[in-house]
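J.: With the hints as extra help, turn the sequences into a complete structure.
There are 4 protein chains.
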Amino acid sequence: MRHSYRCPLRWSDMDAFGHVNNAVYLRYLEEARIDFLTRAARETDPEAFTGGTVVARHEVDYLRQLVHQADPVTVETWVVKLTAASVTFGYEIKDPASEGGPFVRARTVVVPYNLKEGYPRRLSAAERSFLEGYIDDSHSG
Amino acid sequence: MRHSYRCPLRWSDMDAFGHVNNAVYLRYLEEARIDFLTRAARETDPEAFTGGTVVARHEVDYLRQLVHQADPVTVETWVVKLTAASVTFGYEIKDPASEGGPFVRARTVVVPYNLKEGYPRRLSAAERSFLEGYIDDSHSG
Amino acid sequence: MRHSYRCPLRWSDMDAFGHVNNAVYLRYLEEARIDFLTRAARETDPEAFTGGTVVARHEVDYLRQLVHQADPVTVETWVVKLTAASVTFGYEIKDPASEGGPFVRARTVVVPYNLKEGYPRRLSAAERSFLEGYIDDSHSG
Amino acid sequence: MRHSYRCPLRWSDMDAFGHVNNAVYLRYLEEARIDFLTRAARETDPEAFTGGTVVARHEVDYLRQLVHQADPVTVETWVVKLTAASVTFGYEIKDPASEGGPFVRARTVVVPYNLKEGYPRRLSAAERSFLEGYIDDSHSG
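Protein chains in written order, with this note's numbering: chain A, 2 to 142; chain B, 2 to 142; chain C, 2 to 142; chain D, 2 to 142.
It should be emphasised that the hints constitute simulated quantities derived from the structure, not laboratory data.
Among the hints, a few may not be true.
[Said to hold, decoys possible] Quick list of the computed label-pair ranges, beta carbon to beta carbon:
{"id": "1", "chain 1": "B", "residue 1": "126", "chain 2": "A", "residue 2": "43", "range": "54 to 64 Å"}
{"id": "2", "chain 1": "C", "residue 1": "134", "chain 2": "B", "residue 2": "19", "range": "42 to 52 Å"}
{"id": "3", "chain 1": "A", "residue 1": "136", "chain 2": "D", "residue 2": "120", "range": "47 to 57 Å"}
{"id": "4", "chain 1": "B", "residue 1": "122", "chain 2": "C", "residue 2": "83", "range": "42 to 52 Å"}
{"id": "5", "chain 1": "D", "residue 1": "120", "chain 2": "B", "residue 2": "46", "range": "52 to 62 Å"}
{"id": "6", "chain 1": "A", "residue 1": "68", "chain 2": "D", "residue 2": "73", "range": "28 to 38 Å"}
{"id": "7", "chain 1": "D", "residue 1": "73", "chain 2": "B", "residue 2": "97", "range": "40 to 50 Å"}
Quantities reported herein were computed from a predicted structural model and do not represent experimental measurements.
C-beta atoms are modelled at their ideal positions from N, C-alpha and C, and glycine is treated no differently.
T.: Below, the structure written as structure tokens:
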């Protein structure tokens with residue numbers, strides 16, 4: 002199962018070359034992760050990820066250039082790998098209305114974190130159970 | 002040899018958690034690359050990279066959190082790999098005045114591009130010669 | 002008549018104080034203006050504002066603080082004043098689901114511009130006619 | 002007396018029209034204000050503005066367009082008006098190396114604020130004394 006998030010663009014996401022800038026795609030991934038880890042996860046466990054999370058690593062492949070458009074793009078997110086104290090997400094940023102494949106494929110390693118106290122923590126059983134529903138190892142993304 | 006760029010921070014680089022946001026580090030890498038590929042490279046060849054470049058891939062490891070400070074951080078950039086039509090950069094973002102190692106280690110695959118016509122191109126002999134001076138395969142970054 | 006635009010927020014719109022940063026509201030106004038001047042205006046005249054526009058002045062009053070939320074805010078835009086070569090917009094940024102009045106009231110002077118040639122130009126008759134439909138001088142905003 | 006701040010640009014400050022975007026100038030003003038209200042003010046009073054400040058109003062006139070350059074621009078800041086619980090700043094953003102006058106003139110009303118408790122407060126005697134040294138009513142900016 003994949004989590005699907007419709008992410009609206011802003012005109013200012015484009016840089017002086019007239020394309021969405023490579024750094025801005027991390028904002029799209031961030032919006033999708035927030036929707037996934039707070040809104041969606043908390044439907045099953047209101048305490049999920051309430052202490053915060055930290056990004057430990059990104060890998061981003063830029064496949065096609067994207068120009069500002071009024072319609073949102075779709076960020077699909079799934080779980081590539083779970084460890085005791087981290088989750089690796091896979092994503093594809095695509096536009097169902099556009100031919101030609103994803104604009105971006107990416108992976109992010111996220112560490113559950115106690116932001117108030119300043120230390121990483123393990124996934125709770127409820128968080129792990131929620132994330133396991135999105136494991137999708139059939140994709141290379 | 003490494004290229005060293007002093008990158009000023011902005012207060013707004015911090016997010017609601019009070020740290021420099023993970024997406025913002027790509028701006029620091031961008032500033033360092035622009036200084037390297039336009040200012041520095043054009044001291045040896047005024048035509049270097051004038052047609053544009055495109056980012057094909059980023060890998061970013063977030064090692065330590067950074068809070069806004071008045072003093073710039075240092076972005077060190079070097080060349081990890083050269084192919085006929087791409088260059089892979091390695092970077093470390095660090096603060097000489099701070100103990101504790103780099104905040105970020107990253108790699109970026111950059112493709113020379115003819116932005117006006119819309120196609121990738123090969124590195125010129127002068128570009129390749131300039132980049133070869135920064136090959137540094139002694140680092141894992 | 003007012004133009005109404007539903008503007009999605011991003012988590013990164015907040016600064017280290019945990020509120021939407023004052024500079025970011027200009028992005029919301031920009032998104033509303035683009036929707037108004039390109040999408041809406043071009044339904045009546047496909048050539049409207051195709052050469053570009055330039056912002057000559059902003060006045061922005063910050064009335065209430067806004068925290069990131071999943072639901073969009075509403076940007077209402079109307080025309081305060083028309084001259085031969087400029088239009089002054091009024092706006093209110095509000096949330097229909099929130100009590101307590103607008104977050105921001107603002108005005109912007111926009112100049113139609115020939116961005117390719119680099120000079121300001123007069124409003125066309127069709128642009129003027131479209132804008133006149135949104136004149137609303139009953140508001141102080 | 003005016004406070005002078007050298008503000009570095011970033012390539013990403015430009016939008017798809019190839020000029021520094023109107024919203025980005027508010028970042029330059031913010032950097033100048035932070036340097037003025039925290040670094041400079043705290044040289045005379047270490048407690049100055051430690052509780053936070055809030056922007057109540059901006060007025061910004063865009064006079065000339067600015068393209069990314071390696072050299073910083075200069076933000077000059079002075080005090081236009083003081084009340085018991087607010088300060089109005091005037092600014093000019095200019096480039097000493099460029100002919101043709103300022104890029105931007107602006108004014109900002111800032112309210113000292115207790116951000117932790119959530120209420121505005123009066124200027125302290127030390128803050129007022131510091132700010133009075135920068136009153137400059139000889140300028141229309």
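J.: None of the hints should be skipped; say for each whether it holds.
T.: The hints, checked one at a time:
The given range of 54 to 64 Å is respected by residue 126 of chain B and residue 43 of chain A, whose C-beta atoms sit roughly 57 Å from each other. Between residue 134 of chain C and residue 19 of chain B the beta carbon distance is about 46 Å. The supplied range of 42 to 52 Å therefore holds. At roughly 48 Å, the beta carbons of residue 136 of chain A and residue 120 of chain D sit within the given window of 47 to 57 Å. In this structure the hint that residue 122 of chain B and residue 83 of chain C lie 42 to 52 Å apart at CB holds, the actual value being about 48 Å.
Distance hint check: the CB atoms of residue 120 of chain D and residue 46 of chain B are about 60 Å apart, consistent with the given range 52 to 62 Å. The hinted window of 28 to 38 Å between residue 68 of chain A and residue 73 of chain D holds, with their beta carbons roughly 31 Å apart. For the pair residue 73 of chain D and residue 97 of chain B, the supplied restraint of 40 to 50 Å is violated, since their beta-carbon distance comes to about 21 Å.
Violated hint for the displayed structure: number 7, the only one.
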